[in-house]
Amino acid sequence: MVLNSFTQFQIIKIRQVENIVWHHEETVSIIAGSDTFIIEDDPYGEIRFEGEAFPTLHSLLPEQTILLGTFSKMVAPGLRIGWIIATSDIIRRLTVLKQASDLHSSHLDQQIIYDYLTHYDLEEHLQSIRALYGKRRDVMLESMRKYFPESVHYQIPEGGMFFWLEFGKQFKAMELLEKSMKEGIIFVPGETFYASNPVLNTARFIFSNTEEDKMKGALFKLGDLLKKMEQPKIGAVKWWPLP
Numbered sequence: 001m002v003l004n005s006f007t008q009f010q011i012i013k014i015r016q017v018e019n020i021v022w023h024h025e026e027t028v029s030i031i032a033g034s035d036t037f038i039i040e041d042d043p044y045g046e047i048r049f050e051g052e053a054f055p056t057l058h059s060l061l062p063e064q065t066i067l068l069g070t071f072s073k074m075v076a077p078g079l080r081i082g083w084i085i086a087t088s089d090i091i092r093r094l095t096v097l098k099q100a101s102d103l104h105s106s107h108l109d110q111q112i113i114y115d116y117l118t119h120y121d122l123e124e125h126l127q128s129i130r131a132l133y134g135k136r137r138d139v140m141l142e143s144m145r146k147y148f149p150e151s152v153h154y155q156i157p158e159g160g161m162f163f164w165l166e167f168g169k170q171f172k173a174m175e176l177l178e179k180s181m182k183e184g185i186i187f188v189p190g191e192t193f194y195a196s197n198p199v200l201n202t203a204r205f206i207f208s209n210t211e212e213d214k215m216k217g218a219l220f221k222l223g224d225l226l227k228k229m230e231q232p233k234i235g236a237v238k239w240w241p242l243p
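Per my numbering: the sequence shown = residues 1 to 243.
The hints are simulated quantities; they were obtained by calculation from the structure and are not laboratory data. Every residue gets a Cβ at the ideal spot worked out from N, C-alpha and C, and that includes glycine. Do not rely on the hints blindly, as some may be mistaken.
[Unchecked claim] Here are the simulated EDC-like cross-link-like pairs (lysine to aspartate or glutamate), alpha carbons at most 16 Å apart as the crow flies:
| hint | residue 1 | residue 2 |
| --- | --- | --- |
| 1 | Lys146 | Glu191 |
| 2 | Lys227 | Glu191 |
| 3 | Lys179 | Asp224 |
| 4 | Lys228 | Glu191 |
| 5 | Lys216 | Asp109 |
| 6 | Lys73 | Asp35 |
| 7 | Lys135 | Asp35 |
[Stated by the list, open to error] Estimated spans, in silico, between C-beta atoms of each pair:
| hint | residue 1 | residue 2 | range |
| --- | --- | --- | --- |
| 8 | Lys172 | Ala131 | 34 to 44 Å |
| 9 | Glu230 | Asp35 | 43 to 53 Å |
| 10 | Pro149 | Glu211 | 18 to 28 Å |
| 11 | Glu63 | Trp164 | 42 to 52 Å |
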C-alpha cells in the first residue's frame, strides 16, 4: 500500500514476480525522495520454507516505509498482537491514533507474548513450523495434482499458509463452497478478498492447520465435486423447431 501525503491510498498487488528483489528495488527507485510513504504488511515473511528470502521494502527504504508484522501467524492465531517499524516521528503519530482508536492492545495478550519471547526460542519455533507447513504444502500440492481436473490452476507457495486457486472462467467458487460444506469441507472463496470487481472463480485453501490424512480425504472429495460440476448439464441444449 502506498500512502501519499497521508491522504491518498493505493494498493500495490505483488503476485508471483519472477525477480522480487528487482521489483522491490524498482519500487524504491520510484518512491525515494518523494512525499510518498509505503505501508508494507509482512505477516508471513518469517514463514518461508523454500527458496531464498528476499529483502523487505523497509530494509531498502527505511525512512519512507512503515513495516507491519504480527505474532498471530508466528506464535498463536488467537494472540492478535503485532508491531510497527517506522521512524520515530511516525511512531509518535501512530501512538496517538492507536490511543484514540482503542486505547491499547490487550495487556494480557502483551504479557503472554513478552513471557513467551523471554522464556522460549522464537527462531527454534519458527524452524519447526516452517518444516511442518512445508510438509503440508507438499501434501496439498500432490493431492490437488492427483484429484483435481486440469482446468484448476494455482500458484505454488514458497512460504505462508495458503494456496490461491483459479477455476474455469464460468465457475463460481461460492457454488463449490455450498456443496463442499455438506461434506464438512470449508474454504474461503476468492471474491471475499476483493474491495471491488470480485473474481468469482477464485479461492484460497489453507494447509497449515489440517492433518495430512484429513487433507487428502477432503481434497479427494473436492476433486470429485469439481469434476461433477464441470460436466455438461442434461437438458442444457435447447432445440428449436425448423421453419
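Worksheet item: Is it true that the CA of Lys228 sits at most 16 Å from the CA of Glu191?
Response: Not OK: Lys228 and Glu191 at ~22 Å, beyond 16 Å, violated.
Worksheet item: Keeping to a limit of 16 Å between CA atoms, is the pair of Lys73 and Asp35 held or broken?
Response: Cα-Cα ~32 Å, so violated.
Discussion item. Tell me if the beta carbons of Glu63 and Trp164 are separated by a distance inside 42 to 52 Å.
Written reply: 33 Å, violated
Discussion item. Next pair to validate is Lys216 with Asp109; report whether the Cα-Cα distance is within 16 Å.
Written reply: Distance of about 35 Å is beyond 16 Å: violated.
Item to complete: Would you check the hint for Lys146 and Glu191, treating anything up to 16 Å between C-alpha atoms as holding?
Response: 26 Å, violated
Worksheet item: When you check the alpha-carbon spacing of Lys135 and Asp35, does it fall within 16 Å?
Response: Status violated; Cα separation ~44 Å.
Worksheet item: Can the suggested window of 18 to 28 Å be confirmed for the beta-carbon pair Pro149 and Glu211?
Response: Holds: the Cβ-Cβ distance is about 25 Å, inside 18 to 28 Å.
Fill in: Cβ separation of Glu230 and Asp35, checked against the hinted range 43 to 53 Å
Once the Cβ atoms are compared, 51 Å apart, the range 43 to 53 Å for Asp35 and Glu230 holds.
Discussion item. Holds or violated: the 34 to 44 Å window for the beta-carbon distance between Lys172 and Ala131?
Written reply: The hint (34 to 44 Å, Cβ to Cβ) holds, given that Lys172 and Ala131 are roughly 36 Å apart.
Worksheet item: Is the hinted pair Lys227 and Glu191 satisfied, with a Cα-Cα distance of at most 16 Å?
Response: 21 Å, violated
Discussion item. Need the status of pair Lys179, Asp224: alpha-carbon distance at most 16 Å?
Written reply: Holds - the C-alpha atoms of Asp224 and Lys179 are around 11 Å apart, at most 16 Å.
Comparing the model with each earlier hint shows violations of hints 1, 2, 4, 5, 6, 7 and 11; every other hint is respected.
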